[in-house]
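So the sequence lines, in the order shown, correspond to chains A and B. With my numbering as the guide, the letters of the first sequence map in order to residues 1 to 701. With my numbering as the guide, the letters of the second sequence map in order to residues 1 to 150.
Treat the hints as calculated values from the structure; they're not laboratory data. It should be emphasised that the depicted structure is a prediction, and the values quoted were computed from it without experimental measurement. Incorrect hints may appear among the rest.
Unchecked claim - Simulated restraints, written as ranges between beta carbons of each label pair: (1) H114(B) <-> V27(A): 33 to 39 Å; (2) E120(B) <-> R554(A): 24 to 30 Å; (3) E698(A) <-> H114(B): 42 to 48 Å.
Stated by the list, open to error - Facing chain A, according to a computed beta carbon distance under 7 Å, are these residues of chain B, among others: (4) G38; (5) C39; (6) Q95; (7) C96; (8) P101; (9) R123; (10) C133.
Even glycine gets a Cβ: it sits at the ideal position worked out from N, Cα and C.
Okay, here's what each chain looks like letter by letter:
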Amino acid sequence: MAVTTGAGRLDGRDKATGATRYVADLVLPGVLHVAVVRSPLPHAEIGAVDGTAAAAAPGVVGVFTAADIGSPHFGRRVMDAPVLAVDRVRYVGEPVAAVVADTRRHAERAAALVEVEYRELPVVASAAEATAAAAPDVHDAPWDYPGAVVKQGDGPNLQSVVRHGDEDATAAALASAPVVVDAVYTTPAGHQGYLEPQGCVARVGPDGLVEVWINNKSPYRLVGQLAASLGLEPDRIVVHPVPIGGDFGGKGSPMAAPLCVSLSRLTGRPCRLVLRYSEDLSSTNPRHPTTMRVRLGADRDGRLLALRFDSLADGGAYAAFKPIASVNLHGMVEAGSPYRLPHRYIESRIAYTTTVPKGHARAPGAPQATFAVESAMDELAARLGMDPVELRRRNVLVDGDPNPDGVVWAEARGRQVLDAAVTALRPRAVPAGWRHGWGISLYDRATAPGQTSLRLRDDPDRPGVVAEVPIPETGTGNHTVVREGLARLLGLDRDLVRVVHVPTSDLPGDAGVGGSRVTASLSEAVERAAAAWAARTDREPVMVTLDAGGDSTRVTSFSAQIAQVAVDPETGQVRVLEVISALDVAEVVNPAAHRMQIDGGTAMGFGFAVLEDLRIEDGQVWAGNLGDFRMPTAHDLPQLTTVLVPGGKGVGALNVKQIGELTNVPTAAAIANAVAAATGARVRSVPVTAEAVLSAMEVAG
Amino acid sequence: MKISLNLNGEQVYADVEADSLLLDTLRDQLGLTGTKEGCGVGVCGACSVLVGGNPVSSCLYLAAMADGADVWTVEGLTASDPDLADAFVECEGMQCGICTPGQVVAAAALRRHHPGASPEEIRRWMSGNLCRCTGYGTIIEAVERYVGRD
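Sequences and hints are given; from them, build the entire structure.
Below is the structure:
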């Protein structure tokens with residue numbers, strides 16, 4: 001396999017010694033600290049807000065509400081989220097007022113003294129309640145928000161609806177299919193689980209220049225979002241480079257930035273808000289809880305004929321945290337994509353509820369949709385009396401096949417990863433009286449470069465090159481990719497390539513970290529920059545820009561996972577013994593970082609499958625701290641076995657395929673399928689708890 | 001109240017309130033920001049420091065309780081023992097890095113308390129420190145490398 005060894009991480013030593021400065025570690029002269037007064041109710045009208053006692057408390061500079069900051073709203077597409085609640089609160093944890101003080105302690109103590117009167121309104125606790133006839137309105141006129149995609153008359157409380165495919169043809173194919181599985185699957189809300197809470201420091205200078213330090217992974221997008229929200233000129237906003245302490249999809253929204261900028265304007269001093277983790281759990285942008293109905297039809301030889309996929313997701317109080325044009329989740333609209341499906345119809349609805357707003361989490365929508373469809377594949381195999389691997393082999397795309405959207409990939413290596421996963425399987429012993437089973441699940445995800453820019457200049461301090469990048473290091477190793485690519489293409493020792501993340505004022509743009517596009521984008525940008533550098537005739541810096549979409553071939557990667565489980569039939573307890581990940585890869589730039597994306601993804605998929613649940617009930621997040629959310633520890637994890645299927649055709653000069661969102665997606669279905677194989681019991685919800693397994697075993701008899 | 005700490009081998013003083021946390025005292029008063037606030041409730045381990053040679057969650061530990069004690073943070077531990085950071089750098093035992101100081105402190109404590117720890121004991125010991133990025137493999141290897149060194 002073509003692998004460069006020893007690339008190393010350029011940020012390793014600073015991180016290991018505690019020298020790396022994250023947003024919470026920055027100290028700006030004269031900084032003031034913000035504490036947020038949050039709603040204790042899921043839905044209420046706001047009456048009088050009395051900040052008198054808080055304003056008189058030690059160190060307090062001011063107590064501010066929507067009236068003081070001019071009632072701005074913000075959003076990544078739909079600008080429906082108030083910076084501070086305007087007249088009404090729509091979730092437990094919604095910011096109602098902000099206290100600004102000389103220290104964090106003073107701000108937090110004073111925030112507890114703010115008295116807010118509420119008049120309770122009906123709770124809309126779930127997407128099902130929200131979309132029922134006569135449901136109370138979460139918003140009076142959601143279609144009026146800038147960026148809204150819904151129209152009056154679309155139905156109650158909708159954030160977005162996507163209808164994709166031919167409904168009638170799919171219905172006809174299902175009606176005549178000899179075998180049809182029709183089942184409903186559910187997944188809960190989940191936090192992304194980054195360990196660094198959301199935080200921001202903003203400074204508005206006397207000249208009106210707005211400077212922001214924030215753990216936001218899309219800083220150029222943030223400039224536009226702040227400008228739109230607060231009525232600022234984009235060229236008067238600078239987002240400074242800050243490393244990010246974990247993202248997993250959750251660090252792409254403006255979060256505290258509009259509030260901190262507003263407060264800095266009012267106080268004339270830098271303002272800082274770093275959330276406490278309990279606030280982060282209850283009031284940021286967790287994964288959408290989803291209910292999905294799958295209708296999957298096949299002929300008696302196991303050839304898929306049609307898929308109808310209907311999902312209803314709880315989008316929470318605001319749609320502001322979804323960035324794509326449809327204000328939906330691409331994972332939902334890609335359900336069933338690894339397969340040849342003559343007919344597919346998808347309807348994905350996302351509803352407003354009076355719960356914490358939902359956002360993106362690593363492969364948005366795909367863990368939910370893949371849990372549903374890959375579970376249904378095994379249910380179909382059982383109905384057909386066919387081996388689940390064989391069912392997938394028969395239907396997975398091979399070279400030249402169009403996927404359900406008509407895309408013909410440069411290569412389709414689904415069978416290879418299925419076979420590699422099965423070949424790696426060695427059944428393990430289980431405790432006496434426990435049952436053993438294994439299950440498989442399949443996923444594919446495209447690698448597509450996106451917008452970015454890069455500047456190379458001579459290093460003033462040594463005979464090397466400085467690469468200025470627009471994108472924060474979220475931990476994936478993207479800055480190391482730039483160093484490695486340039487070192488290779490310019491023939492330089494990697495120590496002579498210095499990678500510097502620069503403020504948004506210094507480069508023209510970047511789409512941000514996400515969509516598994518970063519290594520591919522940077523790979524193409526590095527290729528072009530190196531060519532321009534080699535061709536330059538003077539000592540001037542070289543800058544390259546890459547537009548959205550890039551110009552590469554259509555590349556996808558397949559991922560097959562097998563989970564091996566032991567199940568105690570007395571209690572329903574599931575022990576996951578091993579997860580095997582067989583992955584379609586091209587070249588690997590940094591093997592250690594590549595492996596961590598794989599293992600970390602599988603660990604996240606494992607957590608989603610068997611442990612994690614934010615437990616939103618009656619409009620309230622019940623996982624009050626990180627212990628309640630139950631993220632996996634080193635000791636919880638099963639054996640993680642990786643089989644790389646090398647030789648793929650990737651993107652750019654580095655010939656890469658994405659890896660970051662391949663392994664967290666299929667895990668839950670692999671585990672549910674393994675439990676079904678072990679016990680005959682089908683669990684159609686995650687997390688797959690002992691209680692769920694036991695009750696499914698009772699159903700199965 | 002005034003407290004004194006033997007912090008990373010140096011005598012320092014801090015003026016704290018009765019309910020000041022050791023975490024905030026280290027970060028805000030003493031300028032040692034290597035110690036991180038994660039969950040704030042003693043679950044994630046990002047705020048781990050050594051007090052009297054034992055690992056504690058400094059987000060749950062009152063500064064006043066550390067009065068007169070030996071306190072070591074990631075900065076001091078890695079400065080006094082180059083092998084410690086080297087093990088993590090060589091094994092690439094980090095991604096975003098926010099949990100890394102806590103992992104490093106836990107590794108230092110492990111070598112102090114269980115110098116010959118087995119791989120199973122290492123996994124158990126390190127399970128007090130969450131990491132969302134890595135899947136733990138490279139972290140465990142870094143700890144194994146460090147603990148296995150003389």
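Now for the hints, and whether the structure bears them out:
Between H114(B) and V27(A) the beta carbon distance is about 37 Å. The supplied range of 33 to 39 Å therefore holds. Between E120(B) and R554(A) the beta carbons are some 46 Å apart, a value that contradicts the proposed interval 24 to 30 Å. Checked against the hint of 42 to 48 Å, the C-beta distance between E698(A) and H114(B) comes to roughly 44 Å, which is consistent with it. At a threshold of 7 Å, the smallest CB-CB gap from G38(B) to chain A is about 4 Å, leaving the interface hint in force.
Proximity of C39(B) to chain A holds as hinted, the smallest CB-CB distance being about 4 Å (cut-off 7 Å). Given the 7 Å rule on beta carbons, the hint for Q95(B) holds: about 4 Å separates it from the nearest Cβ of chain A. Below 7 Å, beta-carbon pairs count as interface contacts, and C96(B) has one with chain A at about 3 Å; its hint therefore holds. Because the smallest distance between the Cβ of P101(B) and any Cβ of chain A comes to about 4 Å, under 7 Å, the interface hint for this residue holds.
At about 5 Å, the closest approach between the beta carbon of R123(B) and any beta carbon in chain A falls short of 7 Å, and the interface hint on this residue holds. Residue-level restraint check for C133(B) holds (minimum Cβ-Cβ distance to chain A is 5 Å; threshold 7 Å).
Checked against the numbered hints listed earlier, the structure breaks hint 2 alone; every other hint is satisfied.
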